[in-house]
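2 protein chains.
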Amino acid sequence: MSILIKNVLHHGKKTDVLIEKNRFAKISPRLEAPADKVINGEGKAIVPAFYNTHCHAAMSILRGYGDDKPLFAWLREDIWPIEARLTAADIYTASRLAVLEMIKSGTVFFADMYFFAEETMRAVKEMGIRAAVSLVEMDMFDPAQTTAKIAATKDFLAAENPCPERIVKGLSCHSVYTVSAELLEYASRTAADNNLFMQIHVSETAAENAECVEKYGVTPTARLDSFGLLTNKTMLAHAVHLSAADTETIRARGSFLSHNPVSNLKLNSGLFAFADLYAAMPDKITIGTDGASSNNNLSMIESVKTASLAAKLQAGSAVAGKAAEVYRAATVNGAAAFGLDAGEIREGALADCLLINMNHPFMVPAYNLVSDLVYAADSACITDVICDGRPVMENGHVDGEEEIVADARQLAEKILSL
Amino acid sequence: MSILIKNVLHHGKKTDVLIEKNRFAKISPRLEAPADKVINGEGKAIVPAFYNTHCHAAMSILRGYGDDKPLFAWLREDIWPIEARLTAADIYTASRLAVLEMIKSGTVFFADMYFFAEETMRAVKEMGIRAAVSLVEMDMFDPAQTTAKIAATKDFLAAENPCPERIVKGLSCHSVYTVSAELLEYASRTAADNNLFMQIHVSETAAENAECVEKYGVTPTARLDSFGLLTNKTMLAHAVHLSAADTETIRARGSFLSHNPVSNLKLNSGLFAFADLYAAMPDKITIGTDGASSNNNLSMIESVKTASLAAKLQAGSAVAGKAAEVYRAATVNGAAAFGLDAGEIREGALADCLLINMNHPFMVPAYNLVSDLVYAADSACITDVICDGRPVMENGHVDGEEEIVADARQLAEKILSL
Numbered sequence: 000m001s002i003l004i005k006n007v008l009h010h011g012k013k014t015d016v017l018i019e020k021n022r023f024a025k026i027s028p029r030l031e032a033p034a035d036k037v038i039n040g041e042g043k044a045i046v047p048a049f050y051n052t053h054c055h056a057a058m059s060i061l062r063g064y065g066d067d068k069p070l071f072a073w074l075r076e077d078i079w080p081i082e083a084r085l086t087a088a089d090i091y092t093a094s095r096l097a098v099l100e101m102i103k104s105g106t107v108f109f110a111d112m113y114f115f116a117e118e119t120m121r122a123v124k125e126m127g128i129r130a131a132v133s134l135v136e137m138d139m140f141d142p143a144q145t146t147a148k149i150a151a152t153k154d155f156l157a158a159e160n161p162c163p164e165r166i167v168k169g170l171s172c173h174s175v176y177t178v179s180a181e182l183l184e185y186a187s188r189t190a191a192d193n194n195l196f197m198q199i200h201v202s203e204t205a206a207e208n209a210e211c212v213e214k215y216g217v218t219p220t221a222r223l224d225s226f227g228l229l230t231n232k233t234m235l236a237h238a239v240h241l242s243a244a245d246t247e248t249i250r251a252r253g254s255f256l257s258h259n260p261v262s263n264l265k266l267n268s269g270l271f272a273f274a275d276l277y278a279a280m281p282d283k284i285t286i287g288t289d290g291a292s293s294n295n296n297l298s299m300i301e302s303v304k305t306a307s308l309a310a311k312l313q314a315g316s317a318v319a320g321k322a323a324e325v326y327r328a329a330t331v332n333g334a335a336a337f338g339l340d341a342g343e344i345r346e347g348a349l350a351d352c353l354l355i356n357m358n359h360p361f362m363v364p365a366y367n368l369v370s371d372l373v374y375a376a377d378s379a380c381i382t383d384v385i386c387d388g389r390p391v392m393e394n395g396h397v398d399g400e401e402e403i404v405a406d407a408r409q410l411a412e413k414i415l416s417l
Numbered sequence: 000m001s002i003l004i005k006n007v008l009h010h011g012k013k014t015d016v017l018i019e020k021n022r023f024a025k026i027s028p029r030l031e032a033p034a035d036k037v038i039n040g041e042g043k044a045i046v047p048a049f050y051n052t053h054c055h056a057a058m059s060i061l062r063g064y065g066d067d068k069p070l071f072a073w074l075r076e077d078i079w080p081i082e083a084r085l086t087a088a089d090i091y092t093a094s095r096l097a098v099l100e101m102i103k104s105g106t107v108f109f110a111d112m113y114f115f116a117e118e119t120m121r122a123v124k125e126m127g128i129r130a131a132v133s134l135v136e137m138d139m140f141d142p143a144q145t146t147a148k149i150a151a152t153k154d155f156l157a158a159e160n161p162c163p164e165r166i167v168k169g170l171s172c173h174s175v176y177t178v179s180a181e182l183l184e185y186a187s188r189t190a191a192d193n194n195l196f197m198q199i200h201v202s203e204t205a206a207e208n209a210e211c212v213e214k215y216g217v218t219p220t221a222r223l224d225s226f227g228l229l230t231n232k233t234m235l236a237h238a239v240h241l242s243a244a245d246t247e248t249i250r251a252r253g254s255f256l257s258h259n260p261v262s263n264l265k266l267n268s269g270l271f272a273f274a275d276l277y278a279a280m281p282d283k284i285t286i287g288t289d290g291a292s293s294n295n296n297l298s299m300i301e302s303v304k305t306a307s308l309a310a311k312l313q314a315g316s317a318v319a320g321k322a323a324e325v326y327r328a329a330t331v332n333g334a335a336a337f338g339l340d341a342g343e344i345r346e347g348a349l350a351d352c353l354l355i356n357m358n359h360p361f362m363v364p365a366y367n368l369v370s371d372l373v374y375a376a377d378s379a380c381i382t383d384v385i386c387d388g389r390p391v392m393e394n395g396h397v398d399g400e401e402e403i404v405a406d407a408r409q410l411a412e413k414i415l416s417l
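Here the protein sequences come in this chain order: A and B. Note that numbering that gives the first Met the number 0 gives residue 113 to position 114 of the first sequence, counting from 1, and the numbers run on in steps of one. Note that numbering that gives the first Met the number 0 gives residue 182 to position 183 of the second sequence, counting from 1, and the numbers run on in steps of one.
Warning: the hint list may mix true and false statements.
Copies of the same chain look alike in the list, so a pair counts if it works inside one copy or between any two.
[To be verified] Mimicking BS3-like on lysine-lysine, the simulated pairs with C-alpha atoms at most 25 Å apart in a straight line are:
no. : residue 1 : residue 2
1   : Lys413    : Lys12
2   : Lys36     : Lys124
3   : Lys13     : Lys413
4   : Lys5      : Lys36
5   : Lys20     : Lys5
6   : Lys25     : Lys5
Calculated from the structure, these hints are not laboratory results. Note that this is a predicted model, so its numbers are computed, not measured.
Input sequences plus hints: build the corresponding full structure.
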């Protein structure tokens, strides 16, 4: 398939963009190439799509269920009892809802950590975006669960990838407080043997750090490092409470950080040290939404603004967390973290992009596109989303969205009756 | 004019809503009243519109101009030189852009503080929303300016209100650090004599407090109170750095607070003590966007979420700044502050409302409407806006929006050439 986008704004100038197969083939004014599909880009800008580096996608089905409660009461009373009863089919329905809201808000990739990962892959394959999907390793230090998790992971990794062109299978360890040494070691060895991406929650709360130091005498980062879990294919989610030594370890290993600004504020986890961490490793800072249960949406275009605002507060400076920095984190850095040659509108790069309605008042007068995207825009400004050279949203509409929403409503009724 | 909205969700149940003239006349299932206009509410919810209690609307034309710079460098190098050269016609063009973005994001009222207020009134009248408009009193302690401001204010107040049904004229004092005792006294006396609403920036930054204490020996709140400027018609904007005594004074006087969460974070002003202040005076806490230059949009649906997130951080508790609290602040409290019997969908109340697309994935599965509006929705979920019994946005479209955007672009070109 080829797509020709005519008269679209790119770096402030009107140009044409030719997509061939899944890459940007040519970016130049007045292209006269034949194409299977022509998109009129008049009044629109072409910009990178977003790459969401930490998500529990299927939790969108629990959006707004038991909000404004203390974290553990909410997990114990509301979330865990429901999660325990969700079926594989439910996770498929819920993942479709999540992918739909991601597309609507400009996201073409997410790194996921949840149960029934094969169902999330099915949703991603059908809906045309990208994902790094993993089963979540979590045994609560129970040897029976360790054995079960290892067996499940072997099955997961052995099964055929339903969509290798857009989905990568990896591993995730939930955290140092939920995963035994045996399972951490298995995960580390398996990742190394198979060259897998790894996702881990780290230092999300001060309590996590305190418990880890008490139990093991080291910080969560140091503990993970002692198992060889910090590599340049590791994505550390949250990382709110890092010591200077932790930061140096992470930098030395070339690991990535997924900053989840909305979740950290909503759950009162603390403030990510964006300015210092970005200064230390500008290529390694990425942005995620976390699950909808602790956000309560999967909008990266909202999260970039919150990341910037939180960075200014954390650093005590209105010039911290600059628009261009959080934007880079949410686009090219997030893509690079999972090995994608994407996140930029550039000849040869993977053809992922958004078209932005420059006539939306949030985008007017348009002195500075990146500033407007970060500080002024919301998802209403996004009209089209292209992923891997194929349109997944056109003029605000996603194929099949009515059915996805209807199915999600039906599942919610079941959840309410559980 | 009468409007009948059929089959719309209200408090979770499908109902019909009849608007006669500018009020909700009847809310009941299966209404068979004749109406000039029938709106199909299928798949939508009817909810209150937003009331923005602190704005400098025309600054939308400076959106994104010189971002990510320190506050005073930005004001001195970027903003003030341009503001000094804006004409009355420019303020009209800029105000229309601001009103357009407010309508698109669900706002039907704003309290404004800027120059050429008569031009802002013209835009508001034409576009069908509400405003409390004031000339900004600011003399920089220069007696010549004091005299000029008093003369200008007399003219402003003497001139006919072009739209008394939707616009109220009031006064504003910029702040204790920009307004002389003479002008504060004039403003206080004039407000009292004419029963006017008053808007004042107070304790926005720690520096403002320190300077005020050094110069006058009292806090900004105490200084304003000594001039009789704190009444139950006073809106105090920002109020980030209040002492316990300040809070008690404000509570005793019945004044209102306008919390501007995005601006406070973007300019690194500090954190508003939402939880404590809401507990002390739940009817008096309202929400504003500030001008687009320090935000950079006028989206109240974004500001309510930021208000909640900032409240949790400030209080150190995930249950602070509950969805229902920030939502009340942004709707019924904001309306009441300016004497409007509005901000609720209730028979007899002024007919201001939004229709929300309940099929947008952010609004699914819909366990809790207020939680979803605050934590999940953005402006893309709003399809229709009604103000004072008349539609100002229908299915996402505002009459004349193309011309407003074109005019704003032309003005921006002039600004860039200044």
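These are the hints, each one checked on the structure:
1. Only between protomers do Lys413 and Lys12 lie at most 25 Å apart by alpha-carbon distance; the minimum there is 19 Å, versus 51 Å within a single protomer.
2. Taking the shortest Cα distances, Lys36 and Lys124 sit within 25 Å of each other inside one copy (22 Å), while across copies they are farther apart (45 Å).
3. Proximity of Lys13 and Lys413 under a CA criterion of 25 Å is satisfied inter-copy only: 21 Å between copies versus 50 Å inside one chain copy.
4. For the homomeric pair Lys5 and Lys36, the shortest alpha-carbon distance inside one copy (11 Å) is at most 25 Å, but the shortest distance between copies (40 Å) is not.
5. For a Cα distance limit of 25 Å, the shortest separation of Lys20 from Lys5 inside one copy, 17 Å, qualifies, whereas the shortest one across copies, 47 Å, does not.
6. In this assembly of identical chains, the alpha carbons of Lys25 and Lys5 lie at most 25 Å apart only when taken from the same copy (12 Å versus 50 Å across copies).
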